[in-house]
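S.K.: Listed below are the residues making up each chain.
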Amino acid sequence: MSDKRQLVVIGNGMVGHKFLQAFTQSEAMQGHEVTTFCEETRLAYDRVQLSSYFNGKTADDLSLVEDGFFETNNITVHIDDAAIAIDREKQTVTSKNGKTIAYDKLVLATGSVPFVPPIPGHERENCFVYRTIEDLEKISAAGKTAKSGAVIGGGLLGLEAAKALKDMDLETHVIQFAPRLMNVQIDEGGGSMLSQKMEGMGVNIHVDKNTSLIEQGETAIHKLNFTDGESIEADIILFSPGIRPRDELARESGIEVGERGGIVINDQCQTSDENIYAIGECALWNNMIYGLVAPGYKMAQVVADQLSATQNAFEGADMSTKLKLMGVDVASIGDAHGDTEGSKVYTYVDGSEEIYKKIVVNKDNSRLLGAVLIGDTVDYGNLLQLKLNDMALPEFPDSLILPQRDGAGASGLGVEALPDAAQICSCFDVSKGALCQAVSDGATTLGALKECTNATTGCGGCTALVGQVLNKELEKMGMDVNTDLCEHFPYTRQELYHLVRVEGIKTFDELLEKHGKGFGCDICKPTTASILASCWNDYVLEDAHTPLQDTNDRFLANMQKNGTYSIVPRIPGGEVTPEKLIALGEVGKKYNLYTKITGGQRVDLFGARQEELPIIWKELIDAGFETGHAYGKSLRTVKSCVGSTWCRYGVADSVTTAINLENRYKGLRSPHKIKFAVSGCTRECAEAQSKDVGVIATENGWNLYLCGNGGMKPRHADLFATGLDDETLIKYIDRFLMFYVKTGDRLQRTSTWMMNLEGGLDYLREVVIEDSLGLAETFEKEMQAVVDSYQCEWKTTVDSEEKSKSFKTFVNSDKGDSQIVFVPERDQMRPANQEELQSALDAKG
Amino acid sequence: MQTATIENEIDICALTDLVEDAGTAALVNDTQIAIFYVKKTAQVFALSNYDPFSDANVLSRGIIGSIGDDLVVASPIYKQHFKLETGQCVEDDTISIDNYPVQIIDGRVLIGLAS
Ligand code: SRM
Ligand SMILES: Cc1cc2nc3c(=O)[nH]c(=O)nc-3n(C[C@H](O)[C@H](O)[C@H](O)COP(=O)(O)OP(=O)(O)OC[C@H]3O[C@@H](n4cnc5c(N)ncnc54)[C@H](O)[C@@H]3O)c2cc1C
Ligand code: SF4
Ligand code: FES
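Here the protein sequences line up with chains A and B, keeping their order.
So the first sequence is residues 0 to 844, counted in numbering that gives the first Met the number 0.
So the second sequence is residues 0 to 114, counted in numbering that gives the first Met the number 0.
Isolated chain A (complex conformation):
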């Protein structure tokens, strides 16, 4: 045995894993050997995002475990193996599979389970809880044949479960024991506004209902009988009336637990046994169980610090919440019910827009105690900060929730008024001070700030505030953030796009004369070329455009390290006939080109000399090929899997869709390259979730994923919309691409673009799906104009004698570059390296 101290962690859920992450970062890690028991069949995953599983996210997407985490940190993990006993005397833990492990310190992170009330009939088939991925798998399987579902419990989690039923297109009921929904977080007025909204969306809300018996139904699997004599029927029942901490191990080993459950802990998160800690939803602190993840994360940090002899204590956590339930914005802060003595209440109700806002203030009107917001939660950030920082309220506190009309400036507070300690992002415990520090360390964009602090990447509730802090800081640093494209144009790419579009500018010279200075450069020229092409889609080698193009665009091919070019004909969707393959092979052979299959499902022919390009392309065009735009900041490939035509699992024809998409968007010039993929089912053989636009077939239609990226900084695409038909799919992609083309920065892929878009994915949905900017029609029209004016640039080029001539290597000679030398390798050729080149040239003399 090693002389290291033994640390055992029971439970690899959200908090247990957070603890491991924090512990591996601490000094104490060196001196410990760590073992963890994981009862579930999979390692820690993001339970908060659990419902996104219904929208196509996979267990992998939800995983919280970085690749190789356990291996690199040398932590032993027993998966699918629950701890079943703790022997406190011998200091050992025994597991279901019969392992016994000694501990010096033990951490319990066993979480909680949904409470299933002992209603007779609760054990019938198709009765589920909503807590783990396994639960969701069962629910989703049952949903395939069911027509209706009921959730018992109208709290936060109950409503989330109801959304899942709704997403499966089931007739949905919510049965609430209390007189209103979310009775813990919101007041009566808010509750009735929420019910009204949910009913409006077709969810049947039954409040004040106590279920007394579940039995065989007549029109559905179950009949739920209520104590008031009424009943409803449903095929699926989900129990979600509350949670129960998993304290059984502690209880059985004689550790103190609360009267109503929960392992009692002190401020150091120690249980009644000083060698045993409890964190997360199993822990009872100050008679409180926190059903949220942020307080659990805080506890995890406290214990990690404790074990490395660093002072830290858990001092309670704020339970304020902001969320979207079936599209309804709901928020609750502090004392939502006005329980504090002497407190006063201000309410604002807008019956037509279905908005309800309430604030609770102390008796002299000077401090905010709590708030409830339904239907409009933009004030949440401000109000929460006022409450958490105990800040003085304006003279008329109602101004905090009254709508701002007549262009009056927003009341409330500016971020400047906040102290540095103010917590801006509660999911990741990021303070205003930490954000400011990150900005001054160089994170000067929203995207960079997200990356280094994690702020906004949890629930997203803090996005607006984080943006405000960023802007204020930049302003303060006197960092007049120079967003000019380059020294020749005092504009951003987006502004130039606008000028070109609005003023109908057709050439670079015209743009430079009207809005720039100097001669232009290798930044503004290609950018302008791209904008002109996006707007007017002229032939890119028009005389006026030729000098603007990056060398790849200028010669319509990719320049290689030795000055030769590669040629990539378009092979839409990766589908190619044997004849065409033969044609490629023949051209490759004839011109002695190195051939390789690319990562984009097509063939690349390398080593063509500049003067050879037009003749090679003439042959390719005659064989039926078009340019593949491998050189352009434009659509590259639409990868496809073979799909339902051949594959036994395919549910739709991914190849046809990929080909249609590729043919529609080919040639579209954009801020950076764009890649698509289409998969025929959720096995996802086309890797669509790593693309700017990913399309995956489901039985209900296409799921659309946006803003993924491979390359230097991989990013999984976000699920944007589900169950689309062909027409809607194209409509959304048209709008999305045009919005990106219009507003993206130079060389900004869609992933970084979206990360920097204030409001992120939700905002993108508003613009694309709900048409919040009223531009949808324009986007579609502009896209159609690009589609209609498509031309194969290589065809236009080889058809023009003059243009073909401009590919000659030397203006005054028909020779080629004699310093291009190839050497053989694996039956083909490659560029000579420096030494080989030298000896070849020497030999020539």
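If you are wondering where the hints come from, they were derived from the structure by calculation, not from laboratory data.
A quick note: this is a predicted structure, and the numbers were derived from the prediction, not measured.
Among the hints, a few may not be true.
[Said to hold, decoys possible] Derived lysine-lysine pairs resembling DSS-like cross-links, with alpha carbons at most 30 Å apart: (1) Lys804/A / Lys82/B; (2) Lys78/B / Lys516/A; (3) Lys513/A / Lys38/B; (4) Lys146/A / Lys78/B; (5) Lys137/A / Lys38/B; (6) Lys560/A / Lys82/B; (7) Lys82/B / Lys588/A; (8) Lys513/A / Lys39/B; (9) Lys82/B / Lys323/A; (10) Lys794/A / Lys38/B; (11) Lys82/B / Lys807/A; (12) Lys804/A / Lys38/B; (13) Lys38/B / Lys807/A; (14) Lys38/B / Lys802/A; (15) Lys802/A / Lys78/B; (16) Lys362/A / Lys38/B; (17) Lys78/B / Lys814/A; (18) Lys82/B / Lys516/A; (19) Lys78/B / Lys712/A.
Starting from the structure of chain A, add chain B with the ligands where the hints point.
M.R.: Only chain B with the ligands this time, still in chain A's reference frame:
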């Protein structure tokens, strides 16, 4: 640049054979030369076509433009800039490429090569 007379001048091509506001390569004896034509000021420049950073003959295929008051070409491979007037590299003081006298007479482009 245009000087009154150039020694060993060689007739390359017609001015109209050059691409406006871009580069064109020419082969003079065995030397590859990049000729740049700036339309706005009606100037012609000639530099070596050889890019010392990539060891490839590609400078004629770079984009031209200005940095401050200097006219420059950007290498199409790794994007270093060279001043059209002198061949001096903007990013690296120690690197400078050959430049050649060039002038336009009667619509013809003439270049002088040191013998
Ligand atoms: C040929 C190919 C490699 C291969 O042999 O498979 C390739 C080759 C090049 N890639 Fe790539 N990429 C190729 C697929 C990819 C892929 C995979 C894919 O498309 O499925 C990726 C990752 C996916 C992605 O982009 O999200 C990829 C990520 C990159 C990146 C990084 C982009 C990023 O956002 O981080 C660059 C650099 C850039 O664009 O700034 C790059 C740039 C390049 C350039 C253009 C570099 C250059 O300027 O010389 C290469 C020249 C190609 C040529 O000369 O023909 N290539 N490159 C692939 C061509 C696919 C095609 O048929 O068009
Ligand atoms: C649908 C849903 C939505 C939610 N939304 C939000 C939200 O928006 N915001 C928010 O803050 N919170 C939300 N939560 C709550 C959040 O998920 C929990 O607060 C968090 O998961 C608690 O972490 P934990 O590690 O304490 O418990 P868990 O994540 O449940 O992990 C405990 C783990 O321990 C394992 N375990 C238990 N006993 C043993 C044993 N004897 N041996 C080995 N392993 C054991 C369990 O199997 C489990 O894997 C949501 C929860 C659900 C279910
Ligand atoms: S993604 Fe599905 S349909 Fe396509 S090849 Fe893979 S398994 Fe078959
Ligand atoms: S508060 Fe949830 S992401 Fe910042």
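S.K.: Each hint needs a verdict: does it hold in this structure or not?
M.R.: Outcome of the hint check:
With a C-alpha separation of about 28 Å, the suggested pairing of lysine 804/A with lysine 82/B holds against the 30 Å cut-off. A hinted pair counts as satisfied when its Cα atoms are at most 30 Å apart, and lysine 78/B with lysine 516/A qualifies at roughly 22 Å. A threshold of 30 Å between alpha carbons decides the hint, and for lysine 513/A with lysine 38/B the separation of about 18 Å falls inside it, so the pair holds. Straight-line distance between C-alpha atoms of lysine 146/A and lysine 78/B comes to about 63 Å, which puts the hinted pair past the 30 Å bound.
The hinted pair formed by lysine 137/A and lysine 38/B fails the criterion: a straight-line CA distance of about 72 Å is larger than 30 Å. Only pairs whose Cα atoms come within 30 Å are accepted, and lysine 560/A paired with lysine 82/B is accepted, the gap being roughly 22 Å. A hinted pair counts as satisfied when its Cα atoms are at most 30 Å apart, and lysine 82/B with lysine 588/A does not qualify at roughly 41 Å. For the hint linking lysine 513/A to lysine 39/B, the alpha-carbon distance of about 15 Å falls within 30 Å, and the restraint holds.
With a C-alpha separation of about 58 Å, the suggested pair lysine 82/B and lysine 323/A falls outside the 30 Å cut-off, and the hint is violated. With a C-alpha separation of about 29 Å, the suggested pair lysine 794/A and lysine 38/B falls inside the 30 Å cut-off, and the hint holds. Our distance criterion of 30 Å between C-alpha atoms is met by lysine 82/B and lysine 807/A, whose separation comes to about 25 Å. For the hint pairing lysine 804/A with lysine 38/B, the CA-to-CA distance comes to about 21 Å; that is within 30 Å, so the pair holds.
Proximity of lysine 38/B to lysine 807/A is assessed by CA-CA distance (about 22 Å); at most 30 Å being required, the pair is judged to hold. Annotation: proposed proximity of lysine 38/B to lysine 802/A holds, straight-line Cα distance about 20 Å (limit 30 Å). In summary, the hint linking lysine 802/A to lysine 78/B is supported, as the alpha carbons are separated by about 26 Å, within the 30 Å threshold. Taking the CA atoms of lysine 362/A and lysine 38/B, the gap is near 77 Å; set against the 30 Å cutoff, the hint is violated.
Between lysine 78/B and lysine 814/A the CA atoms are separated by roughly 26 Å; this keeps the pair inside 30 Å, and the hint holds. For the hint linking lysine 82/B to lysine 516/A, the alpha-carbon distance of about 18 Å falls within 30 Å, and the restraint holds. In summary, the hint linking lysine 78/B to lysine 712/A is supported, as the alpha carbons are separated by about 23 Å, within the 30 Å threshold.
In this structure, the hints that do not hold are numbers 4, 5, 7, 9 and 16, in rising order.
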